[in-house]
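Chemist: Fit chain B to the known structure of chain A by using the hints.
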Amino acid sequence: MSCENCRAAFAHANDDERARKFDEAAPRPCGCEKYRVSPHSPGPVTDDEVLCLLVSDPQMIVDGWLHPSKLANFDTSGQSVLREAAADNEFENTMAELVSRSKERGKHRWCLGVLRFPVHAVRYCASDRFLCVYDTGMEHKPFHADLMCGPLVPDGATGGQLKRARMELAREVITALGREIVGPSDFRSGLLMRFSKAS
Amino acid sequence: MTAIANPTAVSGVKGVLAVTPPAPTGAKGLTDLSTPFQLAALVGGLRPTQLTQSSAWSGEGAQAAANWFTSDAWLAEMLATIRSFRNVEAGWDGENSRAPAAETLDAAEMLLAYFRNAPADRRPAINVGSDGLPSFARNLRDFYLHLVVEPRNHPSNCVAHLTWYAIKDGENIFEESVPFYGTSLPPELSKLVDLK
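Top line first, the protein sequences correspond to chains A and B.
Here the first sequence is numbered in this note's numbering, starting from -13 and rising by one per residue.
Here the second sequence is numbered in this note's numbering, starting from 25 and rising by one per residue.
Derived by calculation from the structure, the hints in this document are not laboratory data.
Incorrect hints may appear among the rest.
[What the hints assert, rightly or not] Covered by chain A, according to a simulated footprint, are these stretches of chain B (three or more residues, beta-carbon under 8 Å):
| no. | stretch |
| --- | --- |
| 1 | 98 to 111 |
| 2 | 114 to 122 |
| 3 | 129 to 141 |
| 4 | 164 to 170 |
| 5 | 198 to 207 |
Using N, Cα and C, we set each Cβ at its ideal position, and we do this for glycine too.
Just chain A, same shape as in the assembly (with noise of 0.2 Å):
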């Protein structure tokens, strides 16, 4: 059944087979969406959401938009979001979640701002269907989301048919995902400001 199925996906061990696991679980793309896949989230996510992404990196901004190399996942782990939707300590427990994991193993970080983008923009590119979106929500962050699709190229392709798509893919979703970036001192009231750069 494709509900059980989308929870076994969801619960796969190894993070780079994620994003497969969730197409072959459901019998058409993003099948997995009707369903809550995850036994912490609230529902699965809707159309009408706004998605944030949380911007750590003044590298990650090149010229307003998201650097692509931070775009890289969609058809392996997933790219992670979190739902508008969350309690402010959920933004605030992950962002000193990277900024902690990221000093332990040598990188300094910072938050520059929050990505705030509607579901809509990148799950469907016209009429076709773009990203997928899962209600990937954990025991603290019921919120968590991911950003996923199915495979970029048929099997057998060469590795270099692969960096192609991949290439492509991280354009096309740059521009979905547009450049409205929220900074710390503006977001929530200045919930973040204690991992800018500033503080």
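Modeler: Just chain B now, kept in the frame of chain A:
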């Protein structure tokens, strides 16, 4: 061409650019120019006048080098970015990222020496992806570039391989695993960033 005194082998680019001078005392502290960057600059990345100005190879050039270096905000920022990824461990992005390899960061620094001579609106910005590969990007109305620096295949005498996707003048361009030898930019990349 500036003379090279007391050449010594360079780890990581041995066989490509087999020699490099030891950095003059204090030069790195003044300019923050790393060995890979200096190598590429020396071999051909900088125009003669710039090389003279930035002559980190001569003692009297040290101060001039500092002025030249700090006056280029783009270059200073890109070198600092690369430096911030030196010695980071896997998981540096707070998630499941791979650690970048020193040789690809070295190659990225060499590329900077060439990109520096490109028009300002063609100079790309560097970042490192969760796959640990450095990549350069630019995203303007008339120019999009995403260039990834990949490790060289062994055995090979190149510094790295470059794969890029670009949109220029409405044309989609893709090149895969183009060898980068450190002595010049691949001609098609040079043309792409409008290097004269």
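Chemist: Look at each hint and say if it fits the structure.
Modeler: Evaluation of the provided hints:
1. 98 to 111: holds (count 4)
2. 114 to 122: The restraint on the stretch 114 to 122 of chain B holds, since 7 of its residues have a Cβ under 8 Å from chain A and three suffice.
3. 129 to 141: Violated, because only 0 residues of the stretch 129 to 141 of chain B bring their Cβ atoms closer than 8 Å to Cβ atoms of chain A.
4. 164 to 170: Per the Cβ count (3), the hint holds.
5. 198 to 207: holds (count 3)
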